[in-house]
Amino acid sequence: MSSATEVAEVRYVDALNQGMADALAEDERVVLMGIDVGAGGGIFTVTRGLYERFGPDRVLDTPISEMGYVGAAVGAAMTGLRPIVEIMFMDFVGVCLDPILNQASKLRYMTAGAFEIPVVFRTQTGAGRSAGAQHSQSLEAMFAHIPGLKVVIPATVTDAHDLMVESVRDPNPVLFVENRRLYGMRGDLDVDPLPLGRARIAREGDDVTVLTWGQMLRECLKAADIAEVSLEVVDLRSLVPLDRETLIASARKTGHLLIVHEAVRDFGPGAELAASIGEELYDELLAPVRRLAAPPVPMPFSPELEKTLLPSAEKIAAAAVALRAES
Amino acid sequence: MGTSAATSETLTASAGPVSLPELYERMTLIRAFESKVGELYRANEIPGFVHTSLGQEAVAAGVCAALRDDDYMATSHRGHGHCLAKGADVDGMMAELFAKGSGLCHGKGGSMHVADPARGILGANAIVGATVPLAVGAGLSSKLRKQGRVAVAFFGEGAVNQGAFHEALNLAAIWSLPVLLVCENNLYSEFSDSRRMSRVPSPAERASGYGVGAVKVDGNDVAVVYEAALAAVATCRKGDGPALVEAETYRWQGHYEGDSQPYKPDDEAEAWRGRDPLLVARKRLAGHEEELDAMDARAREQAEQAVERALAAAPPDPEEAYAHVFSD
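As given, the protein sequences belong to chains U and W, one line each in that order.
Residue 24 in the working numbering sits at position 21 of the first sequence, and the numbers go up by one each step.
Residue 349 in the working numbering sits at position 324 of the second sequence, and the numbers go up by one each step.
Derived by calculation from the structure, the hints in this document are not laboratory data.
A hint or two may mislead.
Quick list of the computed label-pair ranges, beta carbon to beta carbon [to be verified]:
(1) W:A143 to U:I46: 35 to 43 Å
(2) W:D284 to U:R56: 33 to 41 Å
(3) U:I67 to W:E293: 38 to 46 Å
By construction, the Cβ of each residue, glycine as well, lies at the ideal position given by its N, Cα and C atoms.
Chain U on its own, in the form it takes in the complex:
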């Protein structure tokens, strides 16, 4: 049954689930591994029903041993399987970085292409739920900094499904970052489908280009509704590969670039984007590239303190207005 016709409007979490189900159904080499992804259905129900449908040889519950099972997923990917392996919270990469940093992203290069490493490291992040400093980090810059690893961040229901399917089909290691604050978001499948590696113009506008991804897309779209200037909102969809063409065309059009992300600002993903687009458009931009992001402090537990640190629609709108006024 086609995923598109089954449900008119689905939640982001269902779209992820359907993406994994489609990937598992399409290729018997695909397996899903992780803590509680099987019989338990996943702590956020993302994998619910997959164990029952595909069985224990395709959907494998693992011990709480990220270094062991993430490393094993890489070994399995080298030898003919196509694992989707879950790291329950992005913060937990601290206990299993080696298989991602030194193995998956290096083995193809070091062996001059002898191996393909088709593995998807599924994880989720999302501050704003009082999860504290060890369960709230957006660490995508760390991974985008590693050559040989793709970094995919779906912000819409359509992308939750489509980017999952494409990431599993991709012959390279992919870090796939979900945002748990989006899990309950409703939307339609097959809305403006785009291939992995292309950015999407989520809202057309004239005055300021707002570059974002993940959960911050929603805030930026809300900002576009309330701002006193016209915002063009670009959803990056993946940091690696980076769709420079779309970003540069939009920034060139508006002459103003604001980068918004939930990750910490200092040495964050916005720094690289600002530098590289700034280099390209030095004499075309009408004002300096600006960034709006979390300041360099750990994410606190208190909901009020979290709000203080995170970008919001109001802050984004104000930053866009201020940027427009600089020219």
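For chain U, the structure is supplied; the task is to place chain W on it using the hints.
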């Protein structure tokens, strides 16, 4: 922990499909290859780091002789011997160490990253302990795809103190994977006496904590290693894996080539040289000296020829620096 069934009494020169002279031949090739590599590294002909396994040849030769061509093998930074014993091309390996375009990895891997998938060689790996999860993943592939292939991980006793070893061993155990873990206990974790690094004297003892059968064998006797590996591989092949073999051996050279080893007691190395795995095998093969001498000469010739070819080969094309980051 079990004990090895292999003793000198139960073995003959042709205990299995691979004969003892053939095992000797594999060892002497490793010896010749690494002796040459050490010499040329000291002469600044080889860039990077080089870690030799001189004195440990029996483990590589004995274990790999028990494997099928399509079995998987992953090894550590000290992996020349394992790769050669698993059938890696000698010229391609030497050229790789010399960073030449004709190397197995086009000069992009080097000594610590030699790989050859056609031979089931998942590669040497420069992160201590990392090969254990990789081999467990290969074992998972084999099991789920019903291929009957066994995955072997070689590592030293130093790696047994890495979390990766414990997590992966447990995973292999709960999933009954066809994974053979071979711990070469050469007594030194880099510069440090391994007996000071754990209260448990034998890595094999660790396996019992995970419900995994293990044997400890004389790692300098290739016949003993081979027989233990045959039994462990059979266990894995029939679905009763994983298994662990601890091979007691000794690292003649330093942690890396150039390490002057001030941390070793004076008489220790000499005592172990008396247990040279080639001499141990020669004792078993009394009467075959002429044949073995000819093997030694052939191995030296093969290594020298590989060096000549590597020296004559061109460096990688500059474009190679950008290739293979991603697969299309």
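Taking the beta carbons of U:I67 and W:E293, is their distance inside 38 to 46 Å? 41 Å, holds
Outcome of range test on Cβ distance (W:A143, U:I46; 35 to 43 Å): 42 Å, holds
Confirm or reject the claim that W:D284 and U:R56 have a C-beta distance inside 33 to 41 Å. 55 Å, violated
Going down the numbered hints, you'll see the structure goes against just number 2.
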